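J.: Sequence:
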Amino acid sequence: MGSDDVINRIREIQTTGGNLNKKQIKQHEPELMRSALYYFPSWEHALKNAEQ
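The opening position of the sequence shown corresponds to residue 351 in this note's numbering, with each subsequent residue numbered one higher.
Note that these hints are calculated values from the structure, not bench results. Keep in mind the model is a prediction, meaning the values are calculated, not measured. Worth double-checking, as some hints may not be accurate.
[Unchecked claim] With a Cα cut of at most 30 Å, we get these calculated DSBU-like pairs of lysine-lysine:
1. Lys372 x Lys398
2. Lys398 x Lys376
3. Lys398 x Lys373
Make a model of the complete structure from these sequences and hints.
T.: What follows is the structure in structure tokens.
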């Protein structure tokens, strides 16, 4: 999963009204969390990048 995939998945979750809480993502989308923290300094940075 690349950085673009991370952003796209975050946007998908936002669009469907999913919970982007860090704890929820860790439990339900562990690969997304691992990739987000690999490509971005923090989960919050990944969320901000998805907003742009």
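J.: Could you work out which of the previously given hints the structure breaks and list their numbers from low to high?
T.: none
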